[in-house]
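Novice: These are the residues of each chain, in order.
Protein chains: 2
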Amino acid sequence: MSIIFSRQCEYALQATSYLALKPAGKMTTIKELTKKLNIPYHFLGKILQNLTYKGLLNSQKGPTGGFSLGMPAQEITLYHIVDAIDGNDFMTKCVMGFPECTGKNPCAVHEKWGGLRDGIYSMLVNKNIAQIAKEMKKPEFRLLVD
Amino acid sequence: MSIIFSRQCEYALQATSYLALKPAGKMTTIKELTKKLNIPYHFLGKILQNLTYKGLLNSQKGPTGGFSLGMPAQEITLYHIVDAIDGNDFMTKCVMGFPECTGKNPCAVHEKWGGLRDGIYSMLVNKNIAQIAKEMKKPEFRLLVD
DNA sequence: CTAATTTAAGACAAGTAAGTCTGAATAAAC
DNA sequence: GTTTATTCAGACTTACTTGTCTTAAATTAG
Ligand code: FES
Ligand code: FES
Chain Z
-8 MSIIFSRQCE
2 YALQATSYLA
12 LKPAGKMTTI
22 KELTKKLNIP
32 YHFLGKILQN
42 LTYKGLLNSQ
52 KGPTGGFSLG
62 MPAQEITLYH
72 IVDAIDGNDF
82 MTKCVMGFPE
92 CTGKNPCAVH
102 EKWGGLRDGI
112 YSMLVNKNIA
122 QIAKEMKKPE
132 FRLLVD
Chain L
-8 MSIIFSRQCE
2 YALQATSYLA
12 LKPAGKMTTI
22 KELTKKLNIP
32 YHFLGKILQN
42 LTYKGLLNSQ
52 KGPTGGFSLG
62 MPAQEITLYH
72 IVDAIDGNDF
82 MTKCVMGFPE
92 CTGKNPCAVH
102 EKWGGLRDGI
112 YSMLVNKNIA
122 QIAKEMKKPE
132 FRLLVD
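Going down the list, the protein sequences come from chains Z and L. Just so it is clear: in the first sequence, position 43 is 34 by our numbering, and no numbers are missing. Just so it is clear: in the second sequence, position 73 is 64 by our numbering, and no numbers are missing.
Hints listed in this document are in silico derivations from the structure and should not be mistaken for laboratory results. Check before you lean on any hint, since a few could be wrong.
Since copy identity is lost for identical chains, a pair holds within one copy or between any two.
[Claimed, not checked] Distance condition first, Cα-Cα at most 35 Å in a straight line; then the derived DSBU-like pairs of lysine-lysine:
| hint | residue 1 | residue 2 |
| --- | --- | --- |
| 1 | K125 | K84 |
| 2 | K129 | K95 |
| 3 | K95 | K17 |
| 4 | K103 | K26 |
Quantities reported herein were computed from a predicted structural model and do not represent experimental measurements.
Please work from the sequences and hints to get the whole structure.
Specialist: And the structure:
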């Protein structure tokens, strides 16, 4: 089982992070992405297609085609990706699975979870693709190993 | 999709919390649990069976039979339940799905996630079934609504 | 001992997520 | 215009999770 994001979403985060390494507008093929990230080819194709539909990526067919970021890297946060793929249910649902999550009828960890949930949210919102690109250029960073 | 725990695990947390309300040793039937918690009968049966196998619950067949906590309530934490059903992969896996999660090859949110993950862990470890029972007796608390 | 009630067990069905395959559409390169 | 490389689209398969059904085993009550 994946942790909090679906497998699709994990792949989307990885692929988008990888795209962030490339100069703006530079097209990257699915083939390159699947090779570097070890993600099933057609599965990734559909995911990127979805992100393109949502406006987060650009795509171009034919030779020299591929995918690139659909907006300035500073404007794309991890939250955009997660929201596009998995939605934002985790922000409103009870972590113990009770039918609602409100202060009126709280579960045993409602308070604690509230803080953690907000922490996850800010983790996603405060990290944009431009930052990631910058961090990833550090030599120890994952994905740059080839 | 459930948030961080599987549906089974959510059910397990709810059912165990409910059992915590009862006097120690008092048997509660699946029927009562499914009715109060709105969980599919046989599905819950298997989950409780599993928790019994792992020693967290006691079971007894026949009339007056049912399930009760398998150890003193103070000794059962939410982490025990989660670990029994979903395991503890969330403690060691990368939240972005990369093959490993170490400081040597960190992903973009490794640091932040580390803190949040530890927060989730302590949320689970520091909440035992006895506390839950106490809190749940407050009138506004979920599950006591009937 | 018999009947009733409950968990135990396993097969099965339904639903969802993940992954595969094939061909069409598009666009560049020659 | 033809070839080639790529995304797009949809059907299909596989795997996993969730949920259902039926029967057996155990235990209590009478
Ligand atoms: S009620 Fe459970 S997290 Fe809010
Ligand atoms: S490497 Fe991603 S969370 Fe640690």
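Novice: Next step is simple, just say for each hint if it's right about the structure.
Specialist: Results for each hint:
no., hint, result
1, K125 to K84, "both (34 Å within a copy, 24 Å between copies)"
2, K129 to K95, "between (47 Å within a copy, 12 Å between copies)"
3, K95 to K17, "between (51 Å within a copy, 29 Å between copies)"
4, K103 to K26, "between (40 Å within a copy, 28 Å between copies)"
Taken one by one, the earlier hints all hold for this structure without exception.
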